[in-house]
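**Student:** Sequence:
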Amino acid sequence: MAKQTYQDGSTGDVVIRPGPPPASGGGGEGFFGIGGGGGFSGGFGGSSNKRRKARARAKKAHLLAQEQARAQAAAQEQAAAQAQEHARAQAALHQHLATLTQRHDAIRAEVDRTFAARSERLAESIQSEISAATKPPDNKSTERWQLYLISKEKDEIDGLIARKNAELNPKKVLARSFDGHDPLTRSANDYLTRLAEFGTALNDSHQLWENAYNAAHEARLLSTQIQALTDKSNALARHHAEQTIVWRDREQVWERHRQNAEQRDARIRFKQQADEDVRHERVRTANTLTVPATSVAAGGMVLTRGGAFVVEGAAVALEASISSAIAEILRIAAIRAGQLASLFVSSMLYSPVLGDGELTAEQRRHLFQGIGV
7 MAKQTYQDGS TGDVVIRPGP PPASGGGGEG FFGIGGGGGF SGGFGGSSNK RRKARARAKK
67 AHLLAQEQAR AQAAAQEQAA AQAQEHARAQ AALHQHLATL TQRHDAIRAE VDRTFAARSE
127 RLAESIQSEI SAATKPPDNK STERWQLYLI SKEKDEIDGL IARKNAELNP KKVLARSFDG
187 HDPLTRSAND YLTRLAEFGT ALNDSHQLWE NAYNAAHEAR LLSTQIQALT DKSNALARHH
247 AEQTIVWRDR EQVWERHRQN AEQRDARIRF KQQADEDVRH ERVRTANTLT VPATSVAAGG
307 MVLTRGGAFV VEGAAVALEA SISSAIAEIL RIAAIRAGQL ASLFVSSMLY SPVLGDGELT
367 AEQRRHLFQG IGV
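If you want my numbering, it's the position in the sequence shown, counting the first as 1, plus 6.
No lab work stands behind these hints, which were simulated from the structure alone.
None of the values given here were measured: they were computed from a predicted structure.
A portion of the hints provided could be inaccurate.
To be verified - Capping the alpha-carbon separation at 25 Å, the derived lysine to any residue pairs in SDA-like fashion look like this:
hint	residue 1	residue 2
1	K238	S131
2	K177	A115
3	K170	N217
4	K158	I132
5	K141	S239
6	K158	N171
7	K177	E162
8	K160	A115
9	K277	R262
10	K178	A168
11	K158	D210
12	K177	L228
13	K170	S131
14	K178	E149
15	K160	E149
16	K158	I251
17	K160	G186
18	K170	A207
19	K238	S125
20	K170	R119
21	K177	I113
Stated by the list, open to error - Here are the simulated distance ranges between beta carbons:
hint	residue 1	residue 2	range
22	A243	A122	27 to 33 Å
23	D196	Q133	33 to 39 Å
24	H187	A112	20 to 26 Å
25	L198	P176	26 to 32 Å
Beta carbons are placed, not taken as given, at the ideal position from N, Cα and C, and that holds for glycine.
Make the full structure from the sequences, and use the hints.
**Tutor:** Structure follows, in structure tokens:
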């Protein structure tokens with residue numbers, strides 16, 4: 007069996023050696039050299055001290071060995087416990103990672119479905135946002151109403167584009183906060199690799215990934231909305247330019263029509279005024295009677311529609327006219343008197359028995375009056 011060597015270099019064995027011979031007197035008294043009344047010899051005392059020191063060293067070495075053995079056993083026990091704890095921690099870590107991987111896949115699928123549904127309703131949602139951003143029309147605008155409505159809609163869409171661009175940049179930053187890449191292009195292995203770099207903060211790192219993944223989808227949806235709104239804004243700009251040309255041509259046609267109408271109205275007014283002047287001239291001419299100055303000295307003058315006639319011997323003509331009128335009146339009176347006389351004679355000679363015999367005297371009188379009238 008191999009001997010154990012302690013820290014002081016000893017092996018722990020006790021060696022007893024004979025002491026040196028006595029220095030004087032009574033030589034040969036024996037092994038211990040007792041004699042001369044001097045008690046035990048000096049050689050025996052030195053050996054005892056060495057043995058005592060050796061035993062002390064041996065005891066100390068033994069205690070030290072026991073302490074080292076206990077320390078080694080404790081270290082081994084601690085190492086075993088640490089190994090067991092590490093194994094348990096690794097098992098728990100693997101289990102946690104497996105759980106997070108399942109959550110990763112489930113959340114990713116759910117978020118993908120949600121944003122796919124939102125993408126399908128993209129046109130409807132954009133129109134809703136445009137309607138929500140619509141402002142009341144401004145009646146103070148000097149632009150053509152159709153062009154104003156186009157410009158107004160374009161301005162509202164441009165406002166939406168600016169707002170969504172302001173939302174897009176923070177979303178892009180948040181989307182790359184997990185590993186510096188677009189989460190939509192990363193795999194589950196990339197997720198686990200990055201997750202392992204966070205140590206024990208797995209839940210926090212997973213939440214960071216979840217936020218980044220949602221932000222990436224939001225950024226993609228915002229980009230799609232911005233592109234759709236930009237296309238609509240550009241289409242409105244082109245439509246506004248086209249309608250501006252149409253309205254310019256239309257206004258030029260209207261201006262020509264207006265000028266033609268003004269010229270036509272001016273010609274009509276001029277013609278009406280000329281006709282009115284001619285009519286007035288004709289009326290004035292028709293209502294104006296020109297009498298030669300020599301006619302006044304010639305005698306009487308008669309004014310008729312045909313003109314003025316100078317009558318020579320106006321008094322004689324007037325007297326002849328009066329005489330003719332009196333003769334005409336007498337002729338008419340004679341005719342009337344003859345009619346009454348004929349009626350009277352007829353009445354006197356009329357026989358009531360021959361005709362109207364059935365009439366009374368009053369009825370016949372009324373009949374005669376009617377015949378007279």
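**Student:** Looking at the structure, which of the earlier hints fail to hold?
**Tutor:** 8, 11, 14, 17 and 18
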